[in-house]
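Asker: One letter stands for each residue in the lines below.
2 protein chains.
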Amino acid sequence: MPRKPNYDRDELIERARDLFWKCGWAGTSLKDLEAILQMKPGSFYAAFGSKEALFALAMKKYATDGQERLQALAQKHGPIKALQLFPEMVVENESAPAKACMLSKTLLELHAHNHPLAQAANLHLLEMEAHFAELFQLAQSSGDIDSSHNPQVLARRYQSDLLGLRVSAEREGVDARAIAAEIASGLSML
Amino acid sequence: MPRKPNYDRDELIERARDLFWKCGWAGTSLKDLEAILQMKPGSFYAAFGSKEALFALAMKKYATDGQERLQALAQKHGPIKALQLFPEMVVENESAPAKACMLSKTLLELHAHNHPLAQAANLHLLEMEAHFAELFQLAQSSGDIDSSHNPQVLARRYQSDLLGLRVSAEREGVDARAIAAEIASGLSML
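If you read the sequences in order, they're chains A and B. Last residue of the first sequence? That's 1317 in our numbering, and every number before it is there in order. Last residue of the second sequence? That's 1317 in our numbering, and every number before it is there in order.
Just so you know, the hints here were simulated from the structure itself, not pulled from any lab data. Every residue gets a Cβ at the ideal spot worked out from N, C-alpha and C, and that includes glycine. Any given hint could be a false lead.
[To be verified] Pairs of lysine-lysine residues, derived as BS3-like cross-links and limited to a Cα-Cα distance of at most 30 Å, are as follows: (1) B:LYS1187 to B:LYS1208; (2) B:LYS1167 to B:LYS1149; (3) A:LYS1178 to A:LYS1158; (4) B:LYS1178 to A:LYS1158; (5) A:LYS1149 to B:LYS1178; (6) A:LYS1187 to A:LYS1158; (7) B:LYS1187 to B:LYS1158; (8) B:LYS1178 to A:LYS1178; (9) B:LYS1149 to B:LYS1188; (10) A:LYS1149 to A:LYS1187; (11) A:LYS1178 to A:LYS1149; (12) B:LYS1178 to B:LYS1158; (13) B:LYS1149 to A:LYS1178; (14) A:LYS1203 to A:LYS1187; (15) A:LYS1188 to A:LYS1167; (16) B:LYS1149 to A:LYS1158; (17) B:LYS1158 to A:LYS1158; (18) A:LYS1187 to B:LYS1149; (19) B:LYS1188 to B:LYS1203; (20) A:LYS1158 to A:LYS1188; (21) B:LYS1149 to A:LYS1188; (22) B:LYS1187 to B:LYS1167; (23) A:LYS1149 to B:LYS1188; (24) B:LYS1158 to A:LYS1178; (25) B:LYS1149 to B:LYS1187; (26) A:LYS1188 to A:LYS1208; (27) B:LYS1149 to B:LYS1178; (28) A:LYS1149 to B:LYS1158; (29) B:LYS1149 to A:LYS1149; (30) B:LYS1188 to B:LYS1167; (31) B:LYS1187 to A:LYS1149; (32) A:LYS1188 to A:LYS1203.
[Said to hold, decoys possible] Anything over 10 Å on all C-beta distances counts as not near chain A; from chain B, calculated: (33) ARG1136; (34) ARG1142; (35) GLN1165; (36) LYS1187; (37) GLY1205.
[To be verified] Rough simulated footprint, nothing fancy, chain B against chain A, three-plus residues with beta-carbon under 8 Å: (38) 1242-1254; (39) 1291-1299.
In isolation and in its complexed conformation, chain A is listed as follows (with noise of 0.2 Å):
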């Protein structure tokens, strides 16, 4: 009978995706990933085969619990409201190891070299699109948004503009608050 493994595989992706996230692909080193994960070569590879493979599980974690707190938000303050709050609970969560999206910096980082983990990013901000689009679509339904709106071209807009406000969020000197705030506000007048 195999021995079960003595640690938290989900904990352990999570650290190393707030490593990757912060320091990026290339910036974490196998020896970065062993150190943060207290495992040696050996087990690390029988856990996750390679640091590719690891990426991938940590983007995948990344892309879900971004989904599952815009879930919540919707489910607590309905549709409109939780794409307004979405902006500031980016910008102001202080616990994350970057404000930059981890999507975009995978996908800046290696989309010159046709890395498949770049397309992964891509596939990912995808579905985070197509979970803006449902909430620009409630928000028709329940009449907080004109109905004259396509909600595919808003979610593209409001993804593209939640992009930048997370590159303007890591830069020194840029009040992103402020940018959060006039994303949300010019929701209301669509």
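Given the structure of chain A, go ahead and fit chain B onto it with the hints provided.
Answerer: Chain B only, in chain A's frame:
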């Protein structure tokens, strides 16, 4: 009397800029640089000192070019039209080695490592923001934009949206031209 270098230094810096812009700091090796510049290690170090010093020159060239393109648009079309045309110009530039902004790529890659190049990138972004603010102010003086707005606030949001646009333009399957057109038409409503 020292021998005159038999190359055009600016042209070499441009070649390095394109490689750094596309592949990033860690994604560009000294070997890649020496190959694209057709220089041996000795000449490379004699000419530029280090990879970091060359990256700083490349980024300065990138920033200056952006400022000059914006300035040229403003001289030809006036301030508000220049601000409206700039997003489209940026995503439609087919000769650019990447759609994303080199300054934000550098910032996102190196900020976590407290790298001096991340700080330099942020300073170049601040310079660009000041140019945007200047054009917003001119557009107010000429009556194209309501004078109740704060030009610095407009410039900060415009730059943030532009950074988002350029991340979006790097993605597969995203219609960045449509986002650029939305940013432009948003300026008409100020």
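Asker: None of the hints should be skipped; say for each whether it holds.
Answerer: Tested hints:
1. Proposed proximity of B:LYS1187 and B:LYS1208 is supported: the alpha carbons are some 26 Å apart, at most 30 Å.
2. With a CA separation close to 22 Å, the supplied pair B:LYS1167 and B:LYS1149 stays within the 30 Å bound.
3. With a C-alpha separation of about 11 Å, the suggested pairing of A:LYS1178 with A:LYS1158 holds against the 30 Å cut-off.
4. Between the alpha carbons of B:LYS1178 and A:LYS1158 the distance comes to roughly 24 Å, so the proposed pair stays at or under 30 Å and holds.
5. Using a Cα cut-off of 30 Å, the hinted pair A:LYS1149 and B:LYS1178 holds, with the two alpha carbons roughly 23 Å apart.
6. A hinted pair counts as satisfied when its Cα atoms are at most 30 Å apart, and A:LYS1187 with A:LYS1158 qualifies at roughly 22 Å.
7. This hinted pair checks out: B:LYS1187 and B:LYS1158 have alpha carbons roughly 22 Å apart, not beyond 30 Å.
8. Taking the CA atoms of B:LYS1178 and A:LYS1178, the gap is near 27 Å; set against the 30 Å cutoff, the hint holds.
9. Distance check on the hinted pair: B:LYS1149 and B:LYS1188 sit about 15 Å apart at the alpha-carbon level, within 30 Å; holds.
10. With a CA separation close to 16 Å, the supplied pair A:LYS1149 and A:LYS1187 stays within the 30 Å bound.
11. The suggested pairing of A:LYS1178 with A:LYS1149 holds, with an alpha-carbon distance near 15 Å, which does not exceed 30 Å.
12. Restraint check: the Cα-Cα separation between B:LYS1178 and B:LYS1158 comes to about 11 Å, which is no more than 30 Å; the hinted pair holds.
13. A threshold of 30 Å between alpha carbons decides the hint, and for B:LYS1149 with A:LYS1178 the separation of about 23 Å falls inside it, so the pair holds.
14. Only pairs whose Cα atoms come within 30 Å are accepted, and A:LYS1203 paired with A:LYS1187 is accepted, the gap being roughly 24 Å.
15. A C-alpha spacing of about 23 Å is found between A:LYS1188 and A:LYS1167, which places the hinted pair at or below 30 Å, so the restraint holds.
16. A distance of roughly 27 Å separates the Cα atoms of B:LYS1149 and A:LYS1158; the hinted pair therefore holds under the 30 Å criterion.
17. Note on B:LYS1158 and A:LYS1158: the hinted pairing holds, with a Cα-Cα distance of about 24 Å set against a maximum of 30 Å.
18. Between A:LYS1187 and B:LYS1149, the direct Cα distance comes to roughly 25 Å. Compliance with the 30 Å bound is thereby established for this hinted pair.
19. Of the pairs offered as hints, the one joining B:LYS1188 and B:LYS1203 holds, with about 22 Å between alpha carbons and a cut-off of 30 Å not exceeded.
20. A distance of roughly 22 Å separates the Cα atoms of A:LYS1158 and A:LYS1188; the hinted pair therefore holds under the 30 Å criterion.
21. Of the supplied pair hints, the one linking B:LYS1149 and A:LYS1188 holds, its CA atoms being roughly 28 Å apart against a limit of 30 Å.
22. A distance of roughly 24 Å separates the Cα atoms of B:LYS1187 and B:LYS1167; the hinted pair therefore holds under the 30 Å criterion.
23. With a C-alpha separation of about 28 Å, the suggested pairing of A:LYS1149 with B:LYS1188 holds against the 30 Å cut-off.
24. This hinted pair checks out: B:LYS1158 and A:LYS1178 have alpha carbons roughly 24 Å apart, not beyond 30 Å.
25. Pair hint B:LYS1149 plus B:LYS1187 holds up; C-alpha atoms about 16 Å apart against a cutoff of 30 Å.
26. Distance restraint check for A:LYS1188 and A:LYS1208: the Cα-Cα separation of roughly 25 Å lies within the 30 Å cut-off, and the hinted pair is therefore satisfied.
27. As the CA atoms of B:LYS1149 and B:LYS1178 are separated by approximately 15 Å, the hinted pair is consistent with the 30 Å bound.
28. The suggested pairing of A:LYS1149 with B:LYS1158 holds, with an alpha-carbon distance near 27 Å, which does not exceed 30 Å.
29. With a C-alpha separation of about 21 Å, the suggested pairing of B:LYS1149 with A:LYS1149 holds against the 30 Å cut-off.
30. Distance hint between B:LYS1188 and B:LYS1167 is fulfilled; the C-alpha atoms sit about 23 Å from each other, no more than 30 Å.
31. In summary, the hint linking B:LYS1187 to A:LYS1149 is supported, as the alpha carbons are separated by about 25 Å, within the 30 Å threshold.
32. A distance of roughly 22 Å separates the Cα atoms of A:LYS1188 and A:LYS1203; the hinted pair therefore holds under the 30 Å criterion.
33. Annotated as non-interface, B:ARG1136 keeps its C-beta farther than 10 Å from every C-beta of chain A; the closest such distance is 25 Å.
34. Consistency note on B:ARG1142: stated as away from chain A, and its beta-carbon is indeed over 10 Å from all of that chain's, at 16 Å minimum.
35. The Cβ of B:GLN1165 lies farther than 10 Å from every Cβ of chain A, with a closest approach of about 21 Å, so its non-interface assignment holds.
36. Here B:LYS1187 stays apart from chain A, with its beta-carbon at least about 18 Å from theirs, past the 10 Å limit.
37. With a least beta-carbon separation of about 25 Å from chain A, B:GLY1205 lies farther than 10 Å from that chain, consistent with its non-interface assignment.
38. Judged by the Cβ-Cβ criterion of 8 Å, the segment 1242-1254 of chain A is covered by chain B as claimed, because 4 of its residues qualify and three suffice.
39. Judged by the Cβ-Cβ criterion of 8 Å, the segment 1291-1299 of chain A is covered by chain B as claimed, because 7 of its residues qualify and three suffice.
In terms of the numbered hints stated before, the structure departs from none.
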